[in-house]
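Colleague: Spelled out from the first residue to the last, the chains are:
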Amino acid sequence: MDYLDYVQMTKGQRAVYRVTSFFKGIPGALVHFFQLVGFFIKKFFVWVGNGFKGYGSRFSKGDAGTKLSFLIMGVGNMAHKQIGKGLIFLAAEVGYIYFMCVFGMNYLSKLYSIGVQIDDAGTMVDGAIGSQRALYTKNLLGVESISNLDTLDNSNQVLLYAVLTLIVTVAFFALYIANTKSSFAAQELIAAGKKPISFVQEAKSFLDERFHVTLLTLPVLLLMVFTVLPIVFTIFMAFTNYDKEHQPPGSLYWWVGFDNFADVFYANPMKSETFGKILIWTLVWAVFATFTNYIFGIILALMINKKDIKLKAFWRTMFVITAAVPQFVTLLLMRLLLGDNTGLNAMWGTSYPFLSDALWARITVIVVNMWVGIPYTMLITSGLLMNIPEDLYESARIDGANAFQQFTKITFPYIFFVTTPYLITTFVGNINNFNVIYFLTSGGPSPSNYYQAGQTDLLVTWLYKLTVNSSDFNLAAVIGIIVFIICALGSLITFNMSKASKNEEEFS
Amino acid sequence: MTNTQSKSDMQTGYAAKRKLANIVVYIILSVMVVIWIFPIIWLILQSLRGEKGISTKYLIPHQITFDNYVTLFTDERFPFGQWFVNTLLVAIFSCIISTLFILMISYAFSRLRFKSRKTFLNFGLILGMFPGFMSMAATYNIMEVFGLKQSLVALVIVYSAGAGLGYQVAKGFFDTIPRSLDEAAKIDGATRNQIFWQIILPLSKPIIVYTALTTFIGPWADYIFVSYFMKDNSEKYTVAYGLYKMLENQTINDYFTVFCAGAVVIAIPITILFVVMQRFYVAGVTGGAVKG
Numbered sequence: 001m002d003y004l005d006y007v008q009m010t011k012g013q014r015a016v017y018r019v020t021s022f023f024k025g026i027p028g029a030l031v032h033f034f035q036l037v038g039f040f041i042k043k044f045f046v047w048v049g050n051g052f053k054g055y056g057s058r059f060s061k062g063d064a065g066t067k068l069s070f071l072i073m074g075v076g077n078m079a080h081k082q083i084g085k086g087l088i089f090l091a092a093e094v095g096y097i098y099f100m101c102v103f104g105m106n107y108l109s110k111l112y113s114i115g116v117q118i119d120d121a122g123t124m125v126d127g128a129i130g131s132q133r134a135l136y137t138k139n140l141l142g143v144e145s146i147s148n149l150d151t152l153d154n155s156n157q158v159l160l161y162a163v164l165t166l167i168v169t170v171a172f173f174a175l176y177i178a179n180t181k182s183s184f185a186a187q188e189l190i191a192a193g194k195k196p197i198s199f200v201q202e203a204k205s206f207l208d209e210r211f212h213v214t215l216l217t218l219p220v221l222l223l224m225v226f227t228v229l230p231i232v233f234t235i236f237m238a239f240t241n242y243d244k245e246h247q248p249p250g251s252l253y254w255w256v257g258f259d260n261f262a263d264v265f266y267a268n269p270m271k272s273e274t275f276g277k278i279l280i281w282t283l284v285w286a287v288f289a290t291f292t293n294y295i296f297g298i299i300l301a302l303m304i305n306k307k308d309i310k311l312k313a314f315w316r317t318m319f320v321i322t323a324a325v326p327q328f329v330t331l332l333l334m335r336l337l338l339g340d341n342t343g344l345n346a347m348w349g350t351s352y353p354f355l356s357d358a359l360w361a362r363i364t365v366i367v368v369n370m371w372v373g374i375p376y377t378m379l380i381t382s383g384l385l386m387n388i389p390e391d392l393y394e395s396a397r398i399d400g401a402n403a404f405q406q407f408t409k410i411t412f413p414y415i416f417f418v419t420t421p422y423l424i425t426t427f428v429g430n431i432n433n434f435n436v437i438y439f440l441t442s443g444g445p446s447p448s449n450y451y452q453a454g455q456t457d458l459l460v461t462w463l464y465k466l467t468v469n470s471s472d473f474n475l476a477a478v479i480g481i482i483v484f485i486i487c488a489l490g491s492l493i494t495f496n497m498s499k500a501s502k503n504e505e506e507f508s
Numbered sequence: 001m002t003n004t005q006s007k008s009d010m011q012t013g014y015a016a017k018r019k020l021a022n023i024v025v026y027i028i029l030s031v032m033v034v035i036w037i038f039p040i041i042w043l044i045l046q047s048l049r050g051e052k053g054i055s056t057k058y059l060i061p062h063q064i065t066f067d068n069y070v071t072l073f074t075d076e077r078f079p080f081g082q083w084f085v086n087t088l089l090v091a092i093f094s095c096i097i098s099t100l101f102i103l104m105i106s107y108a109f110s111r112l113r114f115k116s117r118k119t120f121l122n123f124g125l126i127l128g129m130f131p132g133f134m135s136m137a138a139t140y141n142i143m144e145v146f147g148l149k150q151s152l153v154a155l156v157i158v159y160s161a162g163a164g165l166g167y168q169v170a171k172g173f174f175d176t177i178p179r180s181l182d183e184a185a186k187i188d189g190a191t192r193n194q195i196f197w198q199i200i201l202p203l204s205k206p207i208i209v210y211t212a213l214t215t216f217i218g219p220w221a222d223y224i225f226v227s228y229f230m231k232d233n234s235e236k237y238t239v240a241y242g243l244y245k246m247l248e249n250q251t252i253n254d255y256f257t258v259f260c261a262g263a264v265v266i267a268i269p270i271t272i273l274f275v276v277m278q279r280f281y282v283a284g285v286t287g288g289a290v291k292g
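Just so you know, the protein sequences line up as chains A and B, in that order. If you use this note's numbering, the first sequence corresponds to residues 1 to 508, in order. If you use this note's numbering, the second sequence corresponds to residues 1 to 292, in order.
Among the hints, a few may not be true.
Stated by the list, open to error - Under 10 Å between C-beta atoms, here's a sample of chain B residues computed to sit facing chain A:
| id | residue |
| --- | --- |
| 1 | Ile126 |
| 2 | Leu127 |
| 3 | Val145 |
| 4 | Leu201 |
Source of the hints: derived by calculation from the structure; they are not laboratory data. Yeah, the Cβ is synthetic: ideal placement off N, Cα and C, and Gly gets one too.
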């Protein structure tokens, strides 16, 4: 198929061609995605390999001081007249060893079972064995409550501290490598007949050459503790049985491997069916919510920015006001406005099931989402419309293009090109759109064959309900991971297929 | 002769067509404005309604009163005044911390070149793809360990610790400041620290205002973390969750109009802030894209 064939097609054929080529592009994009993943994995191993190579060569080329610093951190620096720096490294090592002895080792050693308990016989066992024995005794005696296991640990604490220990260990390892590098660098400087960098110089460099370290340390540290640590913790939760029956401190939870994932995908009929339905609805919702807002937002922007339209500022402000009111206010209001016997239904004396019938509710949330989102799109695209070079239109007019052709051939491609990144963020944002769904319908209507969810629930609102209402933390974690994978895949594929992928270098 | 006549005919025909098109656009815009503004008018009218109950059969209340606003600040069951103070405190502190963090991070990524820069950027991108409240339960456990269970400090930490990930807009802005400024300053012997404080920041007022406003507005609208962190401790609620609580089945009948009053009280300042910052918003979101 070359350009000539394309030009000779009728409009309908072209549309079909474009749609099919879009879908034909998906496998290619997927392949590219896996190539990309492979590339990163390869890059990672090369990086590790180079790290080892550098480590080995530093050891073999190092003098006595440098060699000793591979065991006792900081000695190398001290031997090369960098006392202050050496002391800091030494203190870090002492601190780490102390931390591990007093704190870290204890929790790491319990990580295999996430805490222990004492059974009836007075021996220490892990949660899985303990509960099996309790169950066994129960069956044997036929009595209801036999379990008098003394729980020694709080699984939450064990898992949390173990993850913290792992993060501290990774940080310490980085510091350790830095120590060997720094010692070797000082050794080479001395060998070249130069003075090693003094402590004061080094300190000053944090305001200049290494200013990024100063700027990033505190934010990254907080990010590590309050964002990365919880995420790692949550990912671990997905592989445990941390649900309503296994709530610390009263009871332990333990590793169950991929059981939760199996439950969600096939093993547990109710959960997997709920998941399948919610997943499909989430994708349908995200596509509709994104494109309705996008298209109608652009049309609104075009109307307001049309040449002869007066009072532009007035129109714009009217729409901006609705976008400005906090979403929970407008959405809760909409819920009452569209309630079964409140708001519009009360005023009209009708009872349209805007939010209480599955199909109605699904359409309503998409429509209300347009109400919420169109002003935003309008705001963003208005600015862009003014940036389109006027001579493009002029030459089009000379060639005899009408208004519609100008729109499809100039305005839309231009806006589409410029807003692709915005479109992707909106799509991912809609997959994660908690507010519109939760405040409007709370996920309802909820038939009984849905596990802790309703027919308008998205994956994220389900995640919220699983966490808050039913304490199914393990299931919630699984859903979180799945949402992450969808978002990552979605962003990568769209990037790949859009023109923006040409700017990938700039982007990453 | 005939030629020019037909031409002018065409022109008037064209003008009429254009006029018609404009009228159609005006009609569509007016209808849309009515649809878009109606819920907000309804909100204001309901907040002034004297009659109790969730809904009325008529649009304009029979009894116009400011009682709901008085109830809002005096009611003991729903201490709105307390919530307002809570939210204000959380918003101020998280605004200061987040703005500082965002400026620091985006400056480092935009102006400084260091070895692990790309790794950090990719890492941030990946972190950003996890659903924001996926690790809510874990964060709650961490707060418990730190003794910050059900405290406003925990909220400040949650809102500002993750703020660093929202560096893109500010980075896009810093990218547009000419690098020659830095280089000139460097030749004059300024350190990167001095360049940041004395050259870049004074040039970045719009983005500072934008960042501060967005981070200030965040806590006013957040429902998710407050609902999970504060549970039944109504003294520690922020406005969003508190107002949501008013609409629970047992209380909605008595408190719906009070809710509307509360919503108006919150919406007015936020709307003003938003209208102020909208031009920064547009520039921020599209700035990077137009350039690429």
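Colleague: All the hints need checking, so say for each whether the structure fits it.
Modeller: So, going through the hints one by one against the coordinates:
no. : hint   : in the structure
1   : Ile126 : holds (7 Å)
2   : Leu127 : holds (6 Å)
3   : Val145 : holds (7 Å)
4   : Leu201 : violated (12 Å)
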